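Asker: Listed below are the residues making up each chain.
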Amino acid sequence: MSNTRAERKQQAKLEAESSAAKVKLGASDIIIRTIGYVLVTFYALCCVFPFLLIIGTSFTNEQVIRSEGVQLIPKDFTTKAYQMVIGGGTIWKSYALTITLTVVGTFLGLAIIAMTGYALQRKDYPYRNVISFYIYFTSLFSAGLAPYYLLMVQTYHLKDNYLAVLLPLMMSPWLIILMKNFVKQIPHEITEAGKIDGAGDMTVFIYLILPMLKPALATIGLFLALGYWNEWYQSSLFLSAKVAVKPLQYTLYELVNKIQALKNSVAGQYIALDDFPQESVKMANAVMATGPIVLLYPFVQKYFIGGITVGAVKG
Amino acid sequence: MNKKLIAAFLAAVTAASMLTGCGGGEALADPAAAPTTDEAATEATGDDSAPAAADIDTSEHVVINYMTTGDPPEGEAKKNLDAMLEKLNGILTDKVNAELQIYYIPWTDYLSNYNLTLAQMDGSVDLIGTASDWLDAWPNAKDGAFLELSEEMLQTYAPKTWESVPKEHWDLCKYNGEIYLMPEDNYAQWTNHGYIYREDWAKAAGLDKVDSWEDLTAYFQYVTEHQSDLGLNLAWDSDGTQYGQMASGWVSSHSDFISIDGLAANALWGGTKADPYTIVVPQYDDQEMMVAYAKEMAKWDDMGIWSTDVLNKTTSANRDDYRIGKVAVEQHHTQTWTDLCSHTDNNTIYTDPNAESGFFWFGEENGNVVRLNITHGAMAVSAASANPERALMVYDLIRNDKECYDLFNYGIQGVSWDVNDEGLRIQPEGYNPDTQNINGMTNYWWGRNDDLEIKDASRNWDAIDPMYEELDAAAIDYPYGQFVPDVDEIQSYIDNINEVYTNDMKLISYGKYDDKGMTAEEAVQKLHDDLKAAGIETVTAALQEQFDALYK
Amino acid sequence: MTKRKTTVVEGSPESFSPKKRTWYQTFWRYRILTLMCVPAILFFFFFSYMPMPGIWVAFVDYKYRKGIFGSPFVGLRNFEFLQQSGKLFSLTRNTVLYNLAFILLGNLLAIIVAILLNEIQSRWFKKVSQTLMFLPYFISQVLVGILVFNLLNYDTGFVNEVIRHFGGEPWQPYADPHVWPVLMVIIYLWQQTGYNSVVYFASICGIDAEIIEAAKVDGANAFQKIRYVILPMLKPTIVILLLFALGGIVRGNFGLFYNVIGQNPLLYETTDIIETYVYRSTVSDFNFSSASAVGLYQSVVGFIIVLCANGIIKKIEPDYSLF
Chain G
1 MSNTRAERKQ
11 QAKLEAESSA
21 AKVKLGASDI
31 IIRTIGYVLV
41 TFYALCCVFP
51 FLLIIGTSFT
61 NEQVIRSEGV
71 QLIPKDFTTK
81 AYQMVIGGGT
91 IWKSYALTIT
101 LTVVGTFLGL
111 AIIAMTGYAL
121 QRKDYPYRNV
131 ISFYIYFTSL
141 FSAGLAPYYL
151 LMVQTYHLKD
161 NYLAVLLPLM
171 MSPWLIILMK
181 NFVKQIPHEI
191 TEAGKIDGAG
201 DMTVFIYLIL
211 PMLKPALATI
221 GLFLALGYWN
231 EWYQSSLFLS
241 AKVAVKPLQY
251 TLYELVNKIQ
261 ALKNSVAGQY
271 IALDDFPQES
281 VKMANAVMAT
291 GPIVLLYPFV
301 QKYFIGGITV
311 GAVKG
Chain E
1 MNKKLIAAFL
11 AAVTAASMLT
21 GCGGGEALAD
31 PAAAPTTDEA
41 ATEATGDDSA
51 PAAADIDTSE
61 HVVINYMTTG
71 DPPEGEAKKN
81 LDAMLEKLNG
91 ILTDKVNAEL
101 QIYYIPWTDY
111 LSNYNLTLAQ
121 MDGSVDLIGT
131 ASDWLDAWPN
141 AKDGAFLELS
151 EEMLQTYAPK
161 TWESVPKEHW
171 DLCKYNGEIY
181 LMPEDNYAQW
191 TNHGYIYRED
201 WAKAAGLDKV
211 DSWEDLTAYF
221 QYVTEHQSDL
231 GLNLAWDSDG
241 TQYGQMASGW
251 VSSHSDFISI
261 DGLAANALWG
271 GTKADPYTIV
281 VPQYDDQEMM
291 VAYAKEMAKW
301 DDMGIWSTDV
311 LNKTTSANRD
321 DYRIGKVAVE
331 QHHTQTWTDL
341 CSHTDNNTIY
351 TDPNAESGFF
361 WFGEENGNVV
371 RLNITHGAMA
381 VSAASANPER
391 ALMVYDLIRN
401 DKECYDLFNY
411 GIQGVSWDVN
421 DEGLRIQPEG
431 YNPDTQNING
441 MTNYWWGRND
451 DLEIKDASRN
461 WDAIDPMYEE
471 LDAAAIDYPY
481 GQFVPDVDEI
491 QSYIDNINEV
501 YTNDMKLISY
511 GKYDDKGMTA
521 EEAVQKLHDD
531 LKAAGIETVT
541 AALQEQFDAL
551 YK
Chain X
1 MTKRKTTVVE
11 GSPESFSPKK
21 RTWYQTFWRY
31 RILTLMCVPA
41 ILFFFFFSYM
51 PMPGIWVAFV
61 DYKYRKGIFG
71 SPFVGLRNFE
81 FLQQSGKLFS
91 LTRNTVLYNL
101 AFILLGNLLA
111 IIVAILLNEI
121 QSRWFKKVSQ
131 TLMFLPYFIS
141 QVLVGILVFN
151 LLNYDTGFVN
161 EVIRHFGGEP
171 WQPYADPHVW
181 PVLMVIIYLW
191 QQTGYNSVVY
201 FASICGIDAE
211 IIEAAKVDGA
221 NAFQKIRYVI
231 LPMLKPTIVI
241 LLLFALGGIV
251 RGNFGLFYNV
261 IGQNPLLYET
271 TDIIETYVYR
281 STVSDFNFSS
291 ASAVGLYQSV
301 VGFIIVLCAN
311 GIIKKIEPDY
321 SLF
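Protein chains in written order, with the working numbering: chain G, 1 to 315; chain E, 1 to 552; chain X, 1 to 323.
Same shape as in the complex, but just chain G (with noise of 0.2 angstroms):
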């Protein structure tokens, strides 16, 4: 822990430098933070008022949302929909699954994505340009459903079982080849310097790549839990009405969707589709959704300091 400490003192000095230069302010600064705080607010705005009103009309009467649209203080305030995404209770079960999934996913997907990442970017692996077209490769091109579906039943046999939810989302091409490039804003020097040192590739990955990779980590932990959290097409093709408890975006978006999807088929006549709510169950669907997972960005945004330096680490 002793580097991240010295990298904290480093950052107080540079803020504290930082604040000093503030004091002389120039005209461009001053343009540009203005923009920034106006622009900023304005797109800030325009994503959260959406979001008030689904959050207005998951808390409206059905009727009146059929007849008005969508509301953002509801004239007829009820909480049936929520009573109906609730339910039977099941959706806390889901909600433990989601937040398993996410945490063991995110931490071994990233755990090997920054492996590989390092490997690839480092100027004298000579197999780092094949490994890298054979991952990039696999984002052109895919099998389409039915090979795919077949394998993991049939091969694999993971129909039912977590792992063909837990495993394909754990990496992407994409995310590697972010991750590399990450990793290309490390000196190359500091591998060098660790290697004279004589340490070994793993050991200069681990106590001199990682902690620079910060930012890196943070965001691609923040797309890997994202996906993780939004899942809910791997579970729609492997996980069948066997499993009970199935990840929460995917108990939501079956919730709805049985409805949708009988109004819309010839089986609708077999089954009496009482009064659903609908669309408040759809907005209410995008509350519980999204939920507790808002706040992991606050969270993840404290590995977004600025200037960590060459020198705070070769210091």
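Hints are not guaranteed to be accurate.
[As the list claims (entries may be wrong)] So these bits of chain E aren't anywhere near chain X, every CB distance computed over 10 angstroms: (1) I102; (2) A119; (3) E178; (4) P276; (5) K402; (6) D406; (7) T435; (8) T502; (9) D504; (10) A534.
[To be verified] In silico DSSO-like pairs for lysine-lysine, Cα to Cα no more than 27 angstroms straight-line: (11) G:K302 <-> X:K216; (12) X:K127 <-> G:K302; (13) G:K80 <-> E:K326; (14) E:K526 <-> X:K235; (15) G:K242 <-> E:K160; (16) E:K142 <-> X:K314; (17) X:K87 <-> G:K302; (18) X:K126 <-> G:K302; (19) E:K402 <-> E:K455; (20) G:K214 <-> X:K127; (21) G:K184 <-> G:K123; (22) G:K184 <-> X:K315; (23) X:K314 <-> G:K123; (24) E:K79 <-> G:K93; (25) G:K214 <-> X:K315; (26) G:K123 <-> X:K127; (27) G:K214 <-> X:K235; (28) X:K235 <-> G:K123; (29) E:K79 <-> G:K80; (30) E:K516 <-> X:K87; (31) X:K216 <-> G:K214; (32) G:K184 <-> X:K63; (33) E:K160 <-> E:K95; (34) E:K79 <-> G:K242; (35) E:K295 <-> E:K203; (36) G:K80 <-> E:K78; (37) E:K295 <-> E:K78.
It should be emphasised that the hints constitute simulated quantities derived from the structure, not laboratory data.
The structure presented is a predicted model; accordingly, all values stated were derived computationally and were not measured.
For glycine and all other residues, C-beta sits at the position ideal for the given N, C-alpha and C.
Based on the hints, put chains E and X in the right spot on chain G.
Answerer: Below, chains E and X alone, put in the same frame as chain G:
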């Protein structure tokens, strides 16, 4: 990166996964290994009530997985289902030493998951609920998902079903001379479409009843003029997906056209009552009829029957709104009307004692209606099933055995259902529709049997029976049941025809062609030209050829 | 921490002498780096390469009992419906143009937002605004479609309520295909910018602070700092992200288009992309083979585009190429 390397690498990968791929393939059910019927057993087929002939070996207890579409019940509902299944399985074990499990394909992406599960071919399902018009029964039969059911097998293992289904009906379940489906052919249901409307408002509009498209226009005229008095949101909160039914309905009412099922979502091809085996496409051939339709629909659009942006409206819940009197019509089929016309708790419109729901069925003007194709619901046996004989025996029981049938369809008597003095099915004291509706959990739409059905007391039979009689009197049998079109060569044309038809017909059916600056004549001409360009004549010719081979 | 000396010795001094080595020696020398790649190599082997030969399904009439490789070969029949539609060109054009707009404007806006955020000092403001910017990412495409409809529809839409309130002529975008290219781009930017900007924001954070300080000391103003320090440092990231995005340029954003445009033929002229078209024409004819055929077409076109772009970049700036 050099090319040689890439090539070598790809070759290696291909080889590697080919190996496993083939290995996996061999593990699948060998098509030739279809169950060999015991010849001796064939002889033993009796017409006695014993479900299994004495010499059928049922010494091994087996589990039969029955695949159906639907979401599995949870919690209390699951417990009730399990209680029923336990009882049912007791009987099944006694009689055929087998038990039944339900394998659900949830409604979310059901068609995709249904087909993927069948493609698996690993014996995870035995009995498969299927339908020729909405669950890809024929494509799956052709692709090899279903087991060929020989007459001997059916006679031996499903003797009652074999007997109750007439020979002509078995013929309708054949593809290439092999039987693949066991049809639900003894169950009355009408899925012909039409408009469900309020009789009380029709009377107020000066109509005795609505029985033509002209009456509908008059009815809409009245309803839109009195929209706020009647407390309506809209005359019809349509969602833009009903263009096809409307157009087909217009065609039924203005010609003697009969369409071929299951060819494409929009049943464009068919014959006529007068000449059933000459293929026609009225929407393409009869421009005059379509121009009249386009003009009528533009009139409806101008009257504001549906919302202005109806083509993008996805949030409508018209049927629910109909139940509570917020809209004036619902476009669907007779079966839906039997629900909406019944004075149940859901249908709050009937708190007004004058309220009644009528049904104008498409083709009513000239009595043009066709009975349901018997493969609208059917049971198949998986080609990968390890125990196809026992699967048939189980099916024979849940289809024909009174005790099993009642359990599987309605649940445990006294808990989920009961019979009243008139012999109608009622809900017993303390019945909870959310957890005790067994019918909504077994989703058994592949072998219901009117001989064993018990009428539901909550339905408005005073209105329904005459309607069934009216339809029955007018209807003809579906004439093309045995026609399983071979579409391999023309599927790409059909896909494209479907697409242009959908696009052009949406504009015509919702009277939106004027937004594109077209007149009714131009819109119909465009439909004609687009269909022609997409190859409709090629498809018609190919189908005619197949028709000639089959019927002439 | 440089005090941490390990006992591992394979990085011995000879590593810096450019001696010729046999392939085996090279392999042994870099075994640790290779081992670091092994999990990823295995992952892509099992989940991407193993299914790949199955692409053969695009060329057969798939029969379940015969398996993909045993089913009868039908040549290009599964591709026919796309080609026969006569729309292959216009669909590909729409898909590519939308993607170009999404990629270029999306990255541009993301860079602007990231740079501005970096200039803002208030930590509190940064935290709150970035969190809010992420919200649209959690709104499913289905909901996006509903929200847009509620905003723009003719009868009850918010925009038209306002227009009517001020006595204007209501606007009917759902009957006018020409406004949608702009609207779709706006919707895309609204939904994705928060997410996209994180990459750039993190990259800016990764810039050596000494360089930025040095620029300040040299008297660079804020604009010059951005122009001469930050943007050049972001260049590799930008190039790589753009290049990567090119591979998917023939793959459309189905969820967005399907949910916002729905199935309104009045708008297809400018909004129909390959995915939405394929979805509509195969929805009634569920067929594993045609879907794979379309995927293969998109892959091949994407692959060609990427090979060209990568080749060009390799000539100009070898360091920035993808492979």
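Asker: Name the hints, by number, that the structure is in violation of.
Answerer: 2, 8, 9, 10, 14, 15, 16, 17, 25, 26, 32, 37
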